Amino acid sequence: MTDLKWTLAALVIAGALPLVVASYQFLLIIVHFRRLHYDQCAPVFPRTAILIPAWNEAAVIAASVDRLMGLEYPPDRLRVFVIDDASTDATPDVARAKAAQYPGRVFHLRREVGGQGKAHTLNHGLTRVLADDWMQAVLIMDSDVIYEPQSLRLMTRHLADPGVGAVTAYIKEGSRPGNYLTRFIGYEYITAQAAARRSQNVLRAVACLAGGAQLHSRDNIEAIGGQIDTGSLAEDTITTFKTQLRGARVVFEPHAVVWAEEPGAIVALWKQRLRWARGNVQVTRKFRRVWFRQQPGHRLGGVSFGLFWFALLLQPVFLISASASLIVLYFIDHALAWHAFHALWIANVLTYVFITVFALLIDPRMGRRVWREAVMFPGAVSLIIMLAAIAPAPLRFVAYHGLDLIGASAVRGYGSEIELFTYAWLALSMAVAYLAKVTEGHLPRRIGAVTGGILVYICGYGSLLCAVTFAAYVKELRHADASWDKTEKTGKVAISA
Amino acid sequence: MMHRPDSPAQRESAAQPESAPLESPAPLVPPQGAPARAYDDEVRTARHYERGLAVKGLIALVVVALVIAMRLLWF
Numbered sequence: 001m002t003d004l005k006w007t008l009a010a011l012v013i014a015g016a017l018p019l020v021v022a023s024y025q026f027l028l029i030i031v032h033f034r035r036l037h038y039d040q041c042a043p044v045f046p047r048t049a050i051l052i053p054a055w056n057e058a059a060v061i062a063a064s065v066d067r068l069m070g071l072e073y074p075p076d077r078l079r080v081f082v083i084d085d086a087s088t089d090a091t092p093d094v095a096r097a098k099a100a101q102y103p104g105r106v107f108h109l110r111r112e113v114g115g116q117g118k119a120h121t122l123n124h125g126l127t128r129v130l131a132d133d134w135m136q137a138v139l140i141m142d143s144d145v146i147y148e149p150q151s152l153r154l155m156t157r158h159l160a161d162p163g164v165g166a167v168t169a170y171i172k173e174g175s176r177p178g179n180y181l182t183r184f185i186g187y188e189y190i191t192a193q194a195a196a197r198r199s200q201n202v203l204r205a206v207a208c209l210a211g212g213a214q215l216h217s218r219d220n221i222e223a224i225g226g227q228i229d230t231g232s233l234a235e236d237t238i239t240t241f242k243t244q245l246r247g248a249r250v251v252f253e254p255h256a257v258v259w260a261e262e263p264g265a266i267v268a269l270w271k272q273r274l275r276w277a278r279g280n281v282q283v284t285r286k287f288r289r290v291w292f293r294q295q296p297g298h299r300l301g302g303v304s305f306g307l308f309w310f311a312l313l314l315q316p317v318f319l320i321s322a323s324a325s326l327i328v329l330y331f332i333d334h335a336l337a338w339h340a341f342h343a344l345w346i347a348n349v350l351t352y353v354f355i356t357v358f359a360l361l362i363d364p365r366m367g368r369r370v371w372r373e374a375v376m377f378p379g380a381v382s383l384i385i386m387l388a389a390i391a392p393a394p395l396r397f398v399a400y401h402g403l404d405l406i407g408a409s410a411v412r413g414y415g416s417e418i419e420l421f422t423y424a425w426l427a428l429s430m431a432v433a434y435l436a437k438v439t440e441g442h443l444p445r446r447i448g449a450v451t452g453g454i455l456v457y458i459c460g461y462g463s464l465l466c467a468v469t470f471a472a473y474v475k476e477l478r479h480a481d482a483s484w485d486k487t488e489k490t491g492k493v494a495i496s497a
Numbered sequence: 001m002m003h004r005p006d007s008p009a010q011r012e013s014a015a016q017p018e019s020a021p022l023e024s025p026a027p028l029v030p031p032q033g034a035p036a037r038a039y040d041d042e043v044r045t046a047r048h049y050e051r052g053l054a055v056k057g058l059i060a061l062v063v064v065a066l067v068i069a070m071r072l073l074w075f
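Line by line, the protein sequences are chains E and X. FYI, this note's numbering numbers position 476 of the first sequence as 476, with every residue one higher than the one before it. FYI, this note's numbering numbers position 52 of the second sequence as 52, with every residue one higher than the one before it.
Hints were generated in silico from the structure; no laboratory data involved. Treat the numbers as computed from the prediction; the structure is a model and nothing was measured. Where hints are given, some of them may not hold.
[As the list claims (entries may be wrong)] Just a few of them, taken from the derived set where beta-carbon distance is under 8 angstroms, the chain E residues facing chain X:
hint : residue
1    : Ile29
2    : Phe33
3    : Phe287
4    : Val290
5    : Leu350
6    : Val353
7    : Val357
8    : Leu361
9    : Phe421
[Unchecked claim] Beta-carbon label-pair distances, calculated as ranges:
hint : chain 1 : residue 1 : chain 2 : residue 2 : range
10   : X       : Ala54     : E       : Leu383    : 36 to 42 angstroms
11   : X       : Thr45     : E       : Ser416    : 44 to 50 angstroms
12   : E       : Tyr414    : X       : Thr45     : 54 to 60 angstroms
13   : X       : Leu73     : E       : Phe421    : 44 to 50 angstroms
14   : E       : Pro296    : X       : Val55     : 31 to 37 angstroms
15   : X       : Ala38     : E       : Arg128    : 29 to 35 angstroms
16   : E       : Ser416    : X       : Trp74     : 46 to 52 angstroms
17   : E       : Tyr400    : X       : Arg44     : 54 to 60 angstroms
18   : X       : Leu58     : E       : Glu419    : 48 to 54 angstroms
19   : E       : Arg396    : X       : Val55     : 36 to 42 angstroms
20   : E       : Arg368    : X       : Val55     : 36 to 42 angstroms
21   : E       : Phe421    : X       : Arg44     : 51 to 57 angstroms
22   : X       : Arg44     : E       : Pro364    : 18 to 24 angstroms
[Claimed, not checked] Part of the chain X face toward chain E, derived, beta carbon under 8 angstroms:
hint : residue
23   : Tyr39
24   : Arg47
25   : Arg51
26   : Leu53
27   : Ala54
28   : Lys56
29   : Gly57
30   : Ala60
31   : Leu61
32   : Val63
33   : Val64
34   : Ala69
35   : Arg71
36   : Leu72
37   : Leu73
Where is the CB? At the ideal position from N, CA and C, for every residue including glycine.
Take the sequences, apply the hints, and build the full model.
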C-alpha cells in the first residue's frame, strides 16, 4: 500500500513536468548569445525561388506578391512562383495578372488536379524550380504571411555557411484587429517560436521549420530527395528532421520576422491544431529510432531535445494521470494527497511566473499587446488554485470572511467537494476546453463566440491546446481520415508598428 | 554563386562565374542590398539584443525568487 501511495504521489508531482521542462527550455535562452551563428554568416543573396502554395487564395495572394516584390533583396535574384492548386476562385486570374505585372519575376504554376494538400502542391513547384540551375535557395511560405522587408536577407545570410541546410524565421501573430483568441496565439508564439526556437538553436536541434518561413539551400532540398513528404500531416517537421539527420544544420533567425494570420475562432483553431498535433504523433512514430539516441552528425537524439518533444506531446497524459492519482490518494491517504497537490501547484506557480515574465520580456512589443492573455494563459480556475498554493492565508481569509460578506457562507459546507474539484481540475480543464469548442460550434454565432471565449478564459488556453493534443491521440488511434484541411485566410494580417 | 556585397571577410575577393556552387568563395559585387557597414551594424544589434535576453532571463529568475521569499516570509 505504501508503494502505491508514493507512486501516486510521484505521478501527481510529475504533472508539473511539462512546465518544469518548459522552464528548462527558457533557461537555455540565457546562453543563446553564446551560441549565435553570426560568425559563420555573411550578407549573401543566393538566387531564391519563393514557392507560394495557393488554393483559393484570391483574397490574399495579390497583396502577398506585391509585398514580396518590395523585399530588401536584389530583384534579379528573386523569383516568386504561385503554385495554384486547382483553385476554383479567382486565384488563377490574380496570379496571371501578377505574372504580367512583374514579368520574369512572378510565375503562375497551375495544377489541374488539386486538393491533395500543401505537400503535393509544393512538390509541383519544387519540380519546376529544380528543373534548371537558376535556383540556389528556395523559400517555402504561405500565401497570407507578410515578410518584414529585411527578413529574407536576414535569413539568407546564414546560408553563407555551407553546413547550414535550412533557416527559419520568427512567425508572429498579425491578425488585425484580432480578438482574444489571436492574442492568446500571439503570446503562444512568443513561447513556441521566439523562446523555444532560441533554446533549440542552443541545442543545435530544431523541432520544426515554420511552414510559412522555411528557407532551404538547393543542396539541402536535393539531398532530402527534392520533394516534400506527402505521407503525413507534418510535412514541415519531417523536412526539418530529414535536413538535420543528413548532418545539415537548421538555424532559427529570431530577427527575421514574418507575420501570419491565425484563426480567430475556437473551431478553426481546433481544426488547425488537430492537424499539427496529429502530425506530431506521426513524426514521433516515424522517427522512433531517433529519440534519446545520441548519434554522430545530428543532435535530434539528445536528452534535452527528447525531453522538450515528449513533455509537449505527452502533456495531456501527465495532466490526466496527476488528476487521477490525486483523486485516488484523496480516498486512501488524504494528508499525502494534500501535500502532493500542494507541491504540484507550487511548482506550477514558480514555472508559470518564470515563463510568463521572461516571455513578455523576450518580445516586449508583442508583450504589450498580449500581456492579459499571458496572465490568463492557465485560465481563471488554475490561477485561483495557484493563488491558494502560493498564498493560502489571504485566500483563506477571503474564503471565510468574503463569503459571509456576499451571503454565500453555505459554500463552506462543500469543502470536500471543492477539494475534489481542484484535484480533478487538471483533467477537467481539458473537458471544459472541449466544451468551449462545442459551444462555439453549435450555439448561434455571436452567443457561441462569447460563451466559448468565456470558457477559454475559465479553463485556460493551455488546456485548450492539451485538449487538442488529446483529440489527436484519439484520432490517430482510430486511424481517422488524415486528409488536408485548409485553414481559411482572409487577408486581415498586418505588420504591427 | 552567392550574391554578396562586400562583407568584412570577403572585401578582397574577386568576381566569380555565375554558375559557381553555393559554397564557393563569394564574388565581390557592388553592394546592392545592405552595405557592409549596415550588415555589421545589424549583426552587432542582434548580438546586443541576445545578450540583453540573458539579463532579462536573470530578471525573471529574480521575480521567481521574490515569489518564493514572499511565500516563505508572509504566507
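Legend entry - chain E contact restraint on Leu61 of chain X - CB to CB distance below 8 angstroms: This interface hint holds because 7 angstroms falls under the 8 angstroms limit.
Legend entry - Hint validity - Phe287 of chain E Cβ closer than 8 angstroms to any chain X Cβ: violated, 27 angstroms
Inset, instruction - Take a look at whether the Cβ-Cβ distance between Arg44 of chain X and Pro364 of chain E falls inside 18 to 24 angstroms. - result: Given about 20 angstroms between the Cβ atoms, the range holds.
Inset, instruction - Under 8 angstroms, Cβ to Cβ, is where Val353 of chain E needs to be relative to chain X, so tell me if that hint holds or is violated. - result: Since chain X brings a Cβ to about 5 angstroms from Val353 of chain E, closer than 8 angstroms, the hint holds.
Inset, instruction - Just tell me: holds or violated, for the beta carbon distance of Leu73 of chain X and Phe421 of chain E against 44 to 50 angstroms? - result: Check failed, 30 angstroms falls outside 44 to 50 angstroms.
Legend entry - Cβ distance range 36 to 42 angstroms for Arg396 of chain E and Val55 of chain X, holds or violated: Taking Cβ atoms as reference, Arg396 of chain E and Val55 of chain X lie about 38 angstroms apart, which means the hint holds.
Legend entry - Interface hint compliance - Leu53 of chain X to chain E, C-beta minimum distance less than 8 angstroms: holds, 6 angstroms
Inset, instruction - Using 8 angstroms as the Cβ threshold, decide whether Leu73 of chain X counts as touching chain E. - result: violated, 11 angstroms
Legend entry - Interface restraint verdict for Arg47 of chain X against chain E (beta-carbon cut-off 8 angstroms): Interface hint status for Arg47 of chain X: holds (6 angstroms vs cutoff 8 angstroms).
Legend entry - Leu361 of chain E as chain X interface residue, shortest Cβ-Cβ below 8 angstroms: It holds, given that the least Cβ distance between Leu361 of chain E and chain X is near 4 angstroms, below 8 angstroms.
Inset, instruction - Verify the interface restraint on Val357 of chain E: the C-beta must sit less than 8 angstroms from at least one C-beta of chain X. - result: holds, 4 angstroms
Legend entry - Restraint outcome when Ala54 of chain X is required to lie within 8 angstroms of chain E by C-beta distance: holds, 5 angstroms
The structure shown violates the earlier hints numbered 3, 4, 9, 10, 11, 13, 16, 18, 20, 34, 36 and 37.
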